[in-house]
Amino acid sequence: MPATLFTNARIIDPAAGTDRIGQLRVQSGKVVEVSYDAAIDPSNAEILDAKGKCLAPGIVDIGVKVCEPGERHKESFRSAAAAAAAGGITTIVTRPDTNPSIDTPEALEFQTRRAQDAAPIRVAPMAALTKERAGREMTEIGFLQDAGAVAFTDCDHVVQNTKVFSRALTYARSLGALVMAHVQEPGLSAGAAVTSGKFASLRGLPGVTAMAERMALDRDIALLEMTGAAYHADQITTARALPALERAKSNGLNISAGVSIHHLTLNELDVADYRTFFKVKPPLRSEEDRCAVVEALASGLIDTLSSMHTPQDEESKRLPFEEAASGAVGLETLLPASMRLIHAGDLTLPQLFAALSMRPAKRLGLKGGRLAVGSVADLILFDPEAPFVLDRTKLSSKSKNTPFDGARVQGRMLGTWVGGARIYGGDT
Amino acid sequence: MAPLKHLLGIEPLHPTQITEILDLSERYVTLNRAVHKHNDALAGLTQINMFFENSTRTQASFELAGKRLGADVMNMAMQASSVKKGETLIDTAVTLNAMHPDLLVVRHPHSGAVDLLAQKVNCAVLNAGDGRHEHPTQALLDALTIRRAKGRLHRLTIAICGDIAHSRVARSNIMLLGKMENRVRLVGPPTLMPSGIEHFGVEVVENMEEGLKDADVVMMLRLQKERMDGGFIPSEREYYHRFGLDSAKLKHAKPDAIVMHPGPMNRGVEIDGEIADDLNRSVIQEQVEMGVAVRMAAMDLLMQTRRASMKPQGVMV
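As you go down the protein sequences, you meet chains A and B in turn.
Number 426 in the working numbering belongs to position 410 of the first sequence; there are no gaps in the numbering.
Number 330 in the working numbering belongs to position 317 of the second sequence; there are no gaps in the numbering.
No wet-lab data here; the hints were simulated from the structure.
Mixed in with the good hints, there may be bad ones.
Straight-line alpha carbon distances no greater than 16 Å define the calculated EDC-like cross-link-like pairs of lysine to aspartate or glutamate that follow [as the list claims (entries may be wrong)]: (1) A:Lys414 with A:Glu156; (2) A:Lys333 with B:Asp104; (3) B:Lys133 with A:Glu330; (4) B:Lys133 with A:Glu84; (5) A:Lys414 with A:Glu331; (6) A:Lys214 with B:Glu24; (7) A:Lys214 with B:Glu216; (8) A:Lys214 with B:Glu211; (9) A:Lys333 with B:Glu211; (10) A:Lys297 with A:Asp286; (11) B:Lys133 with A:Glu122.
None of these values were measured; they are calculated from a predicted model.
Working from the sequences, and respecting the hints, build out all of it.
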């Protein structure tokens with residue numbers, strides 16, 4: 017592969033916290049030189065003039081649902097990879113809530129094979145924490161780790177039996193495995209379609225109190241104190257959960273937390289007249305909660321930002337709100353939606369890419385997420401200003417259930433490179 | 014103001030639209046009391062009643078209203094139909110739409126289902142109750158009953174008592190009575206109050222005597238059987254003791270206060286049988302009568318809009 021020299025690039029380096037015009041040389045799939053002052057020797061390199069556009073480490077998206085095995089009509093590895101590449105995502109960290117669940121090494125090997133055949137991006141699989149995600153018996157965490165699982169989670173199933181969960185955490189700790197959990201107290205959240213409050217009552221929809229998130233997080237933090245396991249809360253979306261998270265971190269627990277782009281850029285009122293594309297799990301929150309969570313992401317209290325990509329076909333969404341499936345696709349909309357936070361002045365670009373790329377990679381021990389010399393050349397080039405109207409029919413995902421259809425957004429992808437090879441874009 | 018295309022709830026209505034419906038209803042009250050109870054306002058039009066949830070009384074009221082206006086009325090018991098075979102709501106709607114109905118009267122157990130259906134058909138849709146969202150004709154018939162009994166529909170103190178959380182009747186009434194500038198008080202145990210109720214512009218009272226104090230109107234709500242056993246309240250008898258309307262509690266209301274109930278009643282649970290039958294206090298029978306008139310008025314207005322929007326077609330010979 018020939019070397020590539022990016023010139024006149026606005027380099028976003030989350031590790032250094034810098035956003036400066038410079039040059040970056042990629043060779044043999046790695047970043048070999050970064051310079052902000054002196055020009056880099058262009059010999060034997062294809063020169064790519066970035067024209068002042070942003071060059072950043074590719075996004076590492078934790079919690080992507082690819083519907084293989086089980087529901088390939090909703091999303092296959094091929095369509096998910098195309099969507100990811102178009103969205104600036106170079107690594108997808110997949111969820112095991114397929115049908116059947118990824119809860120045995122055999123199932124994981126099947127999935128990995130499918131991913132390798134179809135996807136030019138990196139795929140890092142997560143496996144189920146308990147068999148069939150049923151919360152009764154732990155999976156073969158060791159074997160699954162050997163087969164490539166980077167973390168263990170039952171996704172939106174909360175392990176209700178505290179004894180089962182504490183044993184799974186203890187066992188995972190002995191293997192250094194990361195456990196990711198959904199933080200919703202199951203009793204309170206049973207049957208809920210929205211967050212309780214005025215809006216829920218006006219629409220007559222069953223709601224769950226925002227407190228359900230804090231209760232679940234409090235329980236899990238107590239279990240971490242007992243077990244010492246490494247833990248990641250998949251989505252922290254309410255103001256009331258933040259002090260607990262902060263205390264747990266300052267007490268030295270091995271804990272991190274993520275949030276989805278939907279909870280950062282939308283609120284409960286967006287559901288409006290029962291728009292089911294805005295039904296996600298946990299449900300969208302109040303504006304106060306949204307603002308608090310944005311602030312927590314900026315400060316680094318919340319570590320990671322992801323798409324929580326959840327494809328659903330039209331049939332499962334064109335139903336009365338309570339009956340409709342939860343989830344939204346997000347691979348292609350993660351970056352442009354994130355730009356709303358940039359343009360609103362809530363975050364800087366280095367802060368954003370710390371949450372999108374650097375911290376997820378670091379937390380899961382993956383390649384990528386950095387621009388330092390010697391790191392893999394998983395890079396994206398994008399124009400943070402370019403405006404467009406999002407059209408859901410143009411998404412590469414097989415499912416089109418985006419809440420951003422028709423939204424005016426800024427931030428157009430120009431190119432995506434994985435290991436130095438270009439997998440998206442071409443004219444720039 | 015845009016003419017009324019659908020009647021999906023009280024929320025989108027303007028006070029003048031509410032008054033317009035009530036004024037027209039008065040004319041239908043007169044018609045319904047006459048010997049000849051018929052006009053041709055809906056002649057030639059097709060009305061389909063789709064009830065995805067059982068209701069004898071409301072369905073009968075809509076059927077009678079349609080027939081008195083001369084519409085061709087069809088009742089579909091949706092629970093026994095293709096819904097059971099797995100057909101989705103939208104497929105059912107599209108199928109019926111192909112038969113060119115002019116008006117669909119829909120009741121559904123899920124909030125928002127009627128809105129969804131209205132987006133998929135090109136006839137008028139009247140919400141006959143969706144989940145715990147809205148039941149607009151119930152609020153309108155309650156308003157008409159109040160207006161006739163009290164001579165006005167503003168500056169009244171109205172206590173709505175019981176299971177507010179699960180009641181679409183309460184939602185629509187809170188909305189309508191608020192729009193008409195009344196003082197609305199919600200009375201009931203906190204487990205039966207919806208979340209965020211403090212933002213609704215109503216008073217919330219957890220004690221029946223206090224809640225009924227100086228009320229002009231006492232509106233009781235039905236307590237569903239499945240909510241009586243320990244989930245939301247400890248027991249039927251404790252509920253009746255604390256929140257059931259009896260003559261002792263009613264003494265706290267104004268001497269000329271009227272008592273309302275959307276029916277069907279649980280005598281001895283939320284209301285004492287004697288009060289329900291006391292013709293000096295109870296207007297429960299009037300509510301049923303007003304129901305037919307209000308539904309005739311609402312359907313008449315919806316069909317006026319529809320006739321105006323449809324281009325005259327050539328007559329097939």
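Lys214 (chain A) and Glu24 (chain B): Cα distance at most 16 Å?
Holds: Lys214 (chain A) and Glu24 (chain B) sit about 14 Å apart, inside 16 Å.
Taken at face value, is the distance from the CA of Glu211 (chain B) to the CA of Lys333 (chain A) at most 16 Å?
violated, 32 Å
Can the restraint linking Lys133 (chain B) and Glu84 (chain A) be considered satisfied, given a maximum Cα separation of 16 Å?
Violated: Lys133 (chain B) and Glu84 (chain A) sit about 32 Å apart, past 16 Å.
Does Glu331 (chain A) sit within 16 Å of Lys414 (chain A), going by the straight-line distance between their CA atoms?
holds, 13 Å
Compare the distance between the alpha carbons of Lys297 (chain A) and Asp286 (chain A) with 16 Å, and conclude whether the hinted pair is satisfied.
holds, 15 Å
Does Lys414 (chain A) pair with Glu156 (chain A) here, judged by a C-alpha cut-off of 16 Å?
Judged against 16 Å, a Cα distance of about 32 Å means the pair is violated.
Does Lys333 (chain A) pair with Asp104 (chain B) here, judged by a C-alpha cut-off of 16 Å?
Answer holds: Lys333 (chain A) to Asp104 (chain B) is near 13 Å, not above 16 Å.
Verify the proposed pairing of Lys214 (chain A) with Glu211 (chain B), using a straight-line Cα cut of 16 Å.
holds, 8 Å
Would you mind confirming whether the straight-line C-alpha gap from Lys214 (chain A) to Glu216 (chain B) stays at or under 16 Å?
Status holds; Cα separation ~15 Å.
Are the Cα atoms of Lys133 (chain B) and Glu122 (chain A) separated by 16 Å or less?
violated, 45 Å
Check whether the Cα positions of Lys133 (chain B) and Glu330 (chain A) lie no farther apart than 16 Å.
Distance of about 14 Å is within 16 Å: holds.
When the structure is compared with the earlier hints, violations turn up for hints 1, 4, 9, 11 and for no others.
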